[in-house]
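With chain R's structure known, arrange chain C on it following the hints.
Protein chains in written order, with this note's numbering: chain R, 1 to 318; chain C, 1 to 588.
If you're looking for bench data, these hints aren't it; they were derived computationally from the structure. As the structure is a prediction and not an experimental result, all values here were calculated from the model. There may be inaccurate statements among the hints.
[Said to hold, decoys possible] Below 25 Å or equal to it, Euclidean Cα-Cα: the simulated SDA-like pairs (lysine to any residue) are:
id, chain 1, residue 1, chain 2, residue 2
1, C, K452, C, G74
2, C, K568, R, L302
3, C, K493, R, L60
4, C, K579, R, L128
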Amino acid sequence: MATRIYIASDLHAAEKAWRKFVNAIKANVYKADVALLAGDLTGKAIVPIIERGGGYETELLGVHRKAKDAEELAVLERDIADIGFYSFVTTDAEAERLAGDEPARDELLERLMTERVHAWMALATERLADSSTPLYLIPGNDDEFTIDEALNQPGYGPINGDGEVLDIPGDLQLLSSGWSNNTPWATPREETEEQLFARLDALAAQVRDPRRAIFMIHVPPHDSGLDEAPLLDENLRPTISAGDVLRGPVGSTAVRQIIEKYQPVLSVHGHIHESGGERKIGDTLAINPGSEANHGILRGYLIDIGKKGVELAQRVEG
Amino acid sequence: MLRRGRQAVADNVGGSAAEQSTTPKLFVRQSSGLVRNVSVTNALFFNVAAFVGVGLTLYPAFYSLADVSMWKIGPFSAYGWAAIITGLFCVLLALIFSSLTSVMPRSGGDYVFTSRILHPFLGWMESWTLVIASILIIAFEVPLVLRNLQITARIIGIGAGGSFFTGANSWFTDATGQITGMPGFIACLVVLLGIGVICVLPTRSFHRVVTVLAGFGVACFIAMFVFGLLFTHKASFDANLPKLDGGISAAKLVAAGKSQALISTGGPGLISRIFETGAFPLILSVLLFQYIGFQYSAYIAGEVRGNVRRGVLIALLGALTIGVLANSVYTDVISSHFGFGANVTWGSNYWGFVTKPGLPLGQPDSMPLMAAVANHSLWPLWALISLGGTVFPFLLCPVYINFLSRMQLAWSLDRQVPEWFGRVNERLRAPLNAIIATLVLGGLFLFFQSFKDLPTILATSDHKLNLVSTAFFSIAMALLSWVLPGVNAMLVKFRRPDLIRNAPFKRALPWLGLGWIIFPLWIYIFAVIKPIVNGLKGGNALTYLEGQGLIDAILFYLIGLAIYLVMKYRSRSAGVDAKMLFTELPPD
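Extracted from the complex, chain R is given alone in its bound form (with noise of 0.2 Å):
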């Protein structure tokens, strides 16, 4: 009998697409016996909502919204939720105030995501109580150290794997990492391609038998075709041409590497969030689930590994 892993990633803070992901462990729909979840759990942005004449207002992706009462409020808190952003209200004049003070936004950005952090472990521990499907996570290098208190906290459902190699259901070993190589963004957890590659391999030489091992790293092997993401100019802006977004390899090269040397059944990943698919790397299936969760889309996999081997991938959303 396979163990059915169902691996989803990068949900960056859209609510809805973490309460898809619970629930779906939680019905068991899709009779998995493991759930990985490979990184980047925070968002990027705040959406002030100002307090205005017994009202609230704000703008978001381009539209001006309206809330008359705390009812409305709350939905329009969702709905922010739901992309991903994080909601605060707010007077026209502390969000001046905090427009101009950086180290203040920061706090701010900082604490909301240690408190949806918070949240979502606490909602998985109370809908996933009776489940018998584990569920494994790490965070992502987007993802501040601040919100690893929060993924460690006893009592939480939901393990926290980063930096580690566990025996999973199935006979299996699940390795961990949310670091990346560097970006050009620099990011909470990254570093140079020999310090990852240090990282990892140190990681990998604990696992029993790399054939009955998963290795579950944030960001995906170099030039796999699982690593597309838009080329960026001196700007940072992507380069385009003829109306085209321009694409190219960012994935980690230390990656690769320990694919490669290890030969793990599954390597799992993530970051890139449109280069979604699966791919082998000599006898290792690669996989990338992508995400639109900002979209409200869940995007998956489910991996069956038998004792031969893998013995079925099949893409899901939700």
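Same frame as chain R, now just chain C:
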């Protein structure tokens, strides 16, 4: 990292001055990895390449493609009015696409929408038929690339002389003067090979080639309109034409057109003509054929981030405006400049609907060719423009194939076709097998355009496809592609409310869908189904269906159905549960 979302955030920070004064700014994280917004002008550039094709020089020839009487009321011909009306309805389609691509901005376009909103089978059939329709357009365009090469040479011959150029009509043709048979097929294969070479170029090189060629084509468009009107005169054209083509004058063309009811004189007014159920829907169907690349450009809307409504409206409606202007103002002004009636008969002669008084110069009524007839001395300019007319249909093909390969990749990921079909080649970073399959099928259609090898059941009269039947074959294949977006818009609110919660024009979507669907249904009822019924009553049903490419269309609908069923069986045997692919997960 998140890229698309970041683009949205970045552009959102901007907003208009008015918005900034009344709404708070978004606070974006410093290390957000934000890539700034994609320029909508870039999307427009792609659009031009995607749906202009042979039109740059040959639009007037399309007056006659529907084989119905052509009229002119006010500044525009029936073709021009049809372009405007089709464009107005396409605004509704543009808004539907823009709304759906904003919430599902994925490669695969309509396939993704329909398979998620309605049913995977409908998504498959819609995209399968669109792919076939698009490959047929490629098969339609390739011989016209060669035609334009001939025309370019004829222009040089008119200006500079020389038997090599004056005899260009025999290039790539068989004894009938058509680009068909062995010479035509080999020449078409060479063009197809060139298209294939561009398709498998590395990404940067591919786009560089497309950019340069599209830029050249656009410059030719402008040059034809400006210099064609400034430096040519109808009187010179009328005087010179009979000298060059053995006595066929513009007056003879007009007289023949009137006597054979190709040109309508008098009759009801504009409104009555637009709402009649005979000829005009057929002309509208030709315009749908002309606008088919418009859907592809619509998918780019998903790439244009930021203020979604604004970006999408500029990208889509801008593209649509170009299409409408090109098919109405550009075409009608230039054809009227040289003589509207002469153009109608000339085009009809080219498509083979009439044989008298003969095909002037042995070529379709190309605009730079007519300009060369009117003004020999500027032949280098007209030849250059004609070369642009060669480049554009050539350019359209790799752009189509590039788009189609994305849809085929989406099929592969959804197990609608075998996995190997959409596998991305690591060196090319493109689904090579899908590209090769598209080229091979295009080659197959070109083969059946060139040789009388179709079985009797598919071709009772001539045993081959011709350009007219290829065009109508394509129109028949595109039925679902035009109709289902309207159905999607009407039903998405009920079928997938979670997906459109924050979509632009969300509340208007059902009405946009209803408004749009009237148009393709109107066309298909009166331009496809009604003629089929009439054709079947006429006693020569099989010949009619063959002549219109309809049997071929039915065959490919059946092939699509068979592939779907085989893949469903295959997936089930492999343990893939297709239902899981599209399962809607409740968030709460």
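How the hints compare with the structure:
1. Under the criterion of a C-alpha separation no larger than 25 Å, the hint pairing K452/C with G74/C is inconsistent with the structure, at around 44 Å.
2. Restraint check for K568/C and L302/R: satisfied, since their Cα atoms lie roughly 18 Å apart, inside the 25 Å limit.
3. Between K493/C and L60/R the alpha-carbon distance is near 21 Å, which keeps this suggested pair within the 25 Å criterion.
4. Taking the CA atoms of K579/C and L128/R, the gap is near 24 Å; set against the 25 Å cutoff, the hint holds.
Of the hints listed earlier, the one the structure fails to meet is number 1.
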